[in-house]
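Number of protein chains: 2
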Amino acid sequence: MKWNDVGGQVCSVARAVSVLGDRWTLLFLREAFSGTTRFEDFLDGVGASRATVAERLDRLTRDGIFEQHEYQTNPVRYEYRLSEKGAALLPVVLTLQSWGDRWLGDGRGRPATLVCGSCGRETDPILVCDSCGEAVGDDLRAEYREDAWVRTRQSRR
Amino acid sequence: MKWNDVGGQVCSVARAVSVLGDRWTLLFLREAFSGTTRFEDFLDGVGASRATVAERLDRLTRDGIFEQHEYQTNPVRYEYRLSEKGAALLPVVLTLQSWGDRWLGDGRGRPATLVCGSCGRETDPILVCDSCGEAVGDDLRAEYREDAWVRTRQSRR
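Residue numbers (my numbering), protein chains in the order written: chain A, 104 to 260; chain B, 104 to 260.
No wet-lab data here; the hints were simulated from the structure.
Hints are not guaranteed to be accurate.
Partial selection, computed: residues in chain B whose CB lies under 8 angstroms from chain A [unchecked claim]:
| no. | residue |
| --- | --- |
| 1 | Leu130 |
| 2 | Arg184 |
| 3 | Arg213 |
| 4 | Thr216 |
| 5 | Leu230 |
Below 30 angstroms or equal to it, Euclidean Cα-Cα: the simulated DSS-like pairs (lysine-lysine) are [unchecked claim]:
| no. | chain 1 | residue 1 | chain 2 | residue 2 |
| --- | --- | --- | --- | --- |
| 6 | B | Lys188 | A | Lys105 |
| 7 | B | Lys188 | B | Lys105 |
| 8 | B | Lys105 | A | Lys105 |
| 9 | A | Lys188 | B | Lys105 |
| 10 | A | Lys188 | A | Lys105 |
For glycine and all other residues, C-beta sits at the position ideal for the given N, C-alpha and C.
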């Protein structure tokens, strides 16, 4: 299988990775969630080359993660704001950050501490079942649709 | 900045992306969380080339995501099991899957449905504050350490 076929798998992880699997992409999201909207600030914040930043902002806009908004005319300049689809990636960035805090630390505490908007306390968000509120873990089970990747793969054997 | 410098940023997202930013890596994790442990099954499940699978399993083992366990002698064969550090990536894969379900669907329902181990109901896990239990959202605030990426970047201006 070629990389370009991955997005065609009947699997939401594969589909998501085909959009986000680019290694710079998550840094663009980090910047966006920190409030960055303008080209020069992405350039400074992500630290990739000018060509890479232009190409990724374009691609993420085509993929519907960012929306372009004109903020200046003559010359026209655009800023890039997260769409609803893009903003919905916050949990992905937060779980990634939490894992990095725990497993890739430098022994000097977290680089960034999160403060809950509801209770105002320092928070390390956890993933819970939306029915019962219990933390999800190893005992989670998956049921696959007939044409899901994992099933079609098994039937090839 | 070169890609290889990204992991050196004082930022847990950057550090995590430097380990996981490879576009195949998340598919290896998907397979591992589905119970795959052996080389031939990763080859079948991930769909990358034999060389890529060998290289990534090696790298993920060096990064402490997988642990090698001998399951056969003469000839010696190893399986790859998630370490504690690797298993801690479950929330990243689940939030990715959930986003893919919601935003990259094919209109025919989720490829995989998750069933909660605690209540036995279908679940779409949500991220909540570990203090007050409220869902985290836009009102989350970050406080940065003195040497954190976002602060050193600001001070360059």
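Results for each hint:
1. Checking Leu130(B) against chain A: minimum C-beta separation of about 6 angstroms stays under 8 angstroms; hint holds.
2. Interface hint status for Arg184(B): violated, as the beta-carbon distance to the closest one in chain A is roughly 13 angstroms, over 8 angstroms.
3. Interface restraint check: Arg213(B) against chain A, minimum CB-CB distance 7 angstroms, threshold 8 angstroms, status holds.
4. For Thr216(B), the interface hint holds, since its Cβ comes within 8 angstroms of a Cβ in chain A; the closest pair sits about 5 angstroms apart.
5. Residue-level restraint check for Leu230(B) holds (minimum Cβ-Cβ distance to chain A is 5 angstroms; threshold 8 angstroms).
6. For the proposed pair Lys188(B) and Lys105(A), the alpha carbon gap of about 29 angstroms is at most 30 angstroms, so the pair holds.
7. Among the hinted pairs, Lys188(B) with Lys105(B) is consistent with the structure: their alpha-carbon atoms are about 26 angstroms apart, no more than 30 angstroms.
8. A threshold of 30 angstroms between alpha carbons decides the hint, and for Lys105(B) with Lys105(A) the separation of about 26 angstroms falls inside it, so the pair holds.
9. Proposed proximity of Lys188(A) and Lys105(B) is supported: the alpha carbons are some 29 angstroms apart, at most 30 angstroms.
10. Taking the CA atoms of Lys188(A) and Lys105(A), the gap is about 26 angstroms. The hint holds against a cut of 30 angstroms.
Hint 2 from the earlier list is the only one contradicted by this structure; the remaining hints agree with it.
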